[in-house]
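S.K.: In order, the protein sequences belong to chains B and A.
The numbering used here applies: residue 82 is where the first sequence begins, and numbers increase by one.
The numbering used here applies: residue 9 is where the second sequence begins, and numbers increase by one.
Simulated from the structure, these hints should not be mistaken for lab results.
Be careful, since some hints might not be right.
To be verified - Non-contacting residues of chain B with respect to chain A, defined by C-beta distances greater than 10 angstroms in every case (computed):
| no. | residue |
| --- | --- |
| 1 | P91 |
| 2 | I99 |
| 3 | N103 |
| 4 | S113 |
| 5 | L127 |
| 6 | S130 |
| 7 | N134 |
| 8 | L146 |
| 9 | K148 |
| 10 | L156 |
| 11 | R158 |
| 12 | Q161 |
| 13 | D164 |
| 14 | S165 |
| 15 | D177 |
| 16 | V188 |
To be verified - Keeping only pairs whose Cα atoms sit at most 25 angstroms apart, straight-line, the calculated DMTMM-like set for lysine to aspartate or glutamate is:
| no. | chain 1 | residue 1 | chain 2 | residue 2 |
| --- | --- | --- | --- | --- |
| 17 | B | K148 | B | E126 |
| 18 | B | K123 | B | D159 |
| 19 | B | K189 | B | E96 |
| 20 | B | K123 | A | E83 |
| 21 | A | K65 | B | E126 |
| 22 | A | K65 | A | E108 |
| 23 | B | K123 | B | D164 |
| 24 | B | K137 | A | E116 |
| 25 | A | K65 | B | E84 |
| 26 | B | K137 | A | E111 |
| 27 | B | K137 | B | E96 |
| 28 | A | K21 | A | E111 |
| 29 | B | K148 | A | E111 |
| 30 | B | K137 | B | E126 |
| 31 | B | K148 | B | E96 |
| 32 | B | K123 | A | E116 |
| 33 | A | K65 | B | D159 |
| 34 | B | K189 | A | E111 |
| 35 | B | K148 | A | E83 |
| 36 | B | K137 | B | D164 |
| 37 | A | K65 | B | E86 |
| 38 | A | K65 | B | D108 |
| 39 | B | K123 | B | D139 |
Just so you know, these numbers come straight off a predicted model, no measurement behind them.
Backbone N, C-alpha and C fix where the C-beta goes; we use that ideal spot for every residue, glycine too.
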Amino acid sequence: QKEVEQNSGPLSVPEGAIASLNCTYSDRGSQSFFWYRQYSGKSPELIMSIYSNGDKEDGRFTAQLNKASQYVSLLIRDSQPSDSATYLCAVYNNNDMRFGAGTRLTVKP
Amino acid sequence: KAGVTQTPRYLIKTRGQQVTLSCSPISGHRSVSWYQQTPGQGLQFLFEYFSETQRNKGNFPGRFSGRQFSNSRSEMNVSTLELGDSALYLCASSFFLAGESGELFFGEGSRLTVL
């Protein structure tokens, strides 16, 4: 079982729709959770961090964490073509940051 | 301010050779993490250095090693290269330990091809 799992996609949504990205992790002791965005041919960049159960909103992005279910999600409202990228879930525990394989999102105009 | 700089950007080696990759973090950042990125496996953690000390190491064989200098610059070395080592090697820096802030700043990567 991989430590951090994501659906590889591709996930395709129309412009203006809500994109929902999911991530599960195996280690219950994980402390911190992050979403990174990686455009094709570019390096990852941090877009959201979440540390406690519940929702955290930042503009069009909402991160949701449920530690009991070992589940993290990212919602992107009013999706734009510029949101088309691979989204990486990252989980921190035991002094290292582990990434999922990423979900490729395509937003169609 | 300048971002994370990785050199070389591209390199081709043959099996059995060794390679050294360099990473210069953002000025003031004390943590440098290394990752291997491949299409099938995604980003895999290699190791993290903080103030010249290796804080943790991922599940890679001993052929993969690294170090950090007093100016926070870091190098990673791969000896006895194998075909499966072909990948994009990403370096990321942060002021605190990676997990304390979670905000890793990545370099453009070094793309290694092993023939």
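S.K.: Run every hint past the structure and note whether it holds.
M.R.: Hints and how they fare:
Distance check for B/P91 against chain A: the nearest CB is about 13 angstroms away, which clears 10 angstroms, and the non-interface claim stands. For B/I99, the shortest C-beta to C-beta distance to chain A comes to about 24 angstroms, beyond the 10 angstroms cut-off, and the non-interface label holds. For B/N103, the requirement that its beta carbon stay farther than 10 angstroms from each beta carbon of chain A is met, with the minimum near 15 angstroms. Residue placement check: B/S113 does not keep its beta carbon more than 10 angstroms from all beta carbons of chain A (closest about 5 angstroms).
For B/L127, the condition that its CB be more than 10 angstroms from all CB atoms of chain A is violated, with the nearest at approximately 5 angstroms. Non-interface call for B/S130 relative to chain A: violated, since the shortest CB-CB distance, roughly 5 angstroms, does not exceed 10 angstroms. No beta-carbon of chain A comes within 10 angstroms of the beta-carbon of B/N134; the shortest separation is about 17 angstroms. With a cut of 10 angstroms on Cβ distances, B/L146 stays outside the contact zone with chain A, its closest approach being about 13 angstroms.
The claim that B/K148 lies off the interface holds: its Cβ sits roughly 16 angstroms from the closest Cβ of chain A, which is beyond the 10 angstroms cut-off. The beta carbon of B/L156 is kept farther than 10 angstroms from every beta carbon of chain A, the shortest such distance being approximately 19 angstroms. Every beta carbon of chain A lies more than 10 angstroms from that of B/R158, the smallest distance being close to 22 angstroms; the non-interface claim holds. Look at B/Q161: its CB is around 23 angstroms from the nearest CB on chain A, clear of 10 angstroms, so calling it non-interface holds up.
For B/D164, the requirement that its beta carbon stay farther than 10 angstroms from each beta carbon of chain A is met, with the minimum near 19 angstroms. At roughly 18 angstroms, the least C-beta separation between B/S165 and chain A is larger than 10 angstroms, which holds for a residue marked as non-interface. Residue placement check: B/D177 does not keep its beta carbon more than 10 angstroms from all beta carbons of chain A (closest about 4 angstroms). The non-interface label for B/V188 is consistent with chain A: the shortest C-beta to C-beta separation is roughly 21 angstroms, beyond 10 angstroms.
Note on B/K148 and B/E126: the hinted pairing holds, with a Cα-Cα distance of about 24 angstroms set against a maximum of 25 angstroms. For the hint linking B/K123 to B/D159, the alpha-carbon distance of about 24 angstroms falls within 25 angstroms, and the restraint holds. The suggested pairing of B/K189 with B/E96 holds, with an alpha-carbon distance near 6 angstroms, which does not exceed 25 angstroms. Between B/K123 and A/E83 the CA atoms are separated by roughly 21 angstroms; this keeps the pair inside 25 angstroms, and the hint holds.
With a C-alpha separation of about 22 angstroms, the suggested pair A/K65 and B/E126 falls inside the 25 angstroms cut-off, and the hint holds. The hinted pair formed by A/K65 and A/E108 meets the criterion: a straight-line CA distance of about 17 angstroms does not exceed 25 angstroms. Restraint check: the Cα-Cα separation between B/K123 and B/D164 comes to about 14 angstroms, which is no more than 25 angstroms; the hinted pair holds. With a C-alpha separation of about 29 angstroms, the suggested pairing of B/K137 with A/E116 is violated against the 25 angstroms cut-off.
Between A/K65 and B/E84 the alpha-carbon distance is near 15 angstroms, which keeps this suggested pair within the 25 angstroms criterion. Distance restraint check for B/K137 and A/E111: the Cα-Cα separation of roughly 16 angstroms lies within the 25 angstroms cut-off, and the hinted pair is therefore satisfied. Of the supplied pair hints, the one linking B/K137 and B/E96 holds, its CA atoms being roughly 23 angstroms apart against a limit of 25 angstroms. As the CA atoms of A/K21 and A/E111 are separated by approximately 32 angstroms, the hinted pair breaks the 25 angstroms bound.
Taking the CA atoms of B/K148 and A/E111, the gap is about 21 angstroms. The hint holds against a cut of 25 angstroms. For the hint pairing B/K137 with B/E126, the CA-to-CA distance comes to about 18 angstroms; that is within 25 angstroms, so the pair holds. About 31 angstroms separates the Cα atoms of B/K148 and B/E96, which puts this hinted pair outside 25 angstroms; it is violated. As the CA atoms of B/K123 and A/E116 are separated by approximately 7 angstroms, the hinted pair is consistent with the 25 angstroms bound.
For the given pair, A/K65 sits about 40 angstroms from B/D159 by alpha-carbon distance, which is inconsistent with the 25 angstroms threshold. Taken as a hint, the B/K189 and A/E111 pair is broken in the structure, with Cα atoms around 29 angstroms apart against an allowance of 25 angstroms. For the proposed pair B/K148 and A/E83, the alpha carbon gap of about 36 angstroms is over 25 angstroms, so the pair is violated. Between B/K137 and B/D164 the alpha-carbon distance is near 19 angstroms, which keeps this suggested pair within the 25 angstroms criterion.
Distance restraint check for A/K65 and B/E86: the Cα-Cα separation of roughly 20 angstroms lies within the 25 angstroms cut-off, and the hinted pair is therefore satisfied. For the hint linking A/K65 to B/D108, the alpha-carbon distance of about 17 angstroms falls within 25 angstroms, and the restraint holds. Note on B/K123 and B/D139: the hinted pairing holds, with a Cα-Cα distance of about 23 angstroms set against a maximum of 25 angstroms.
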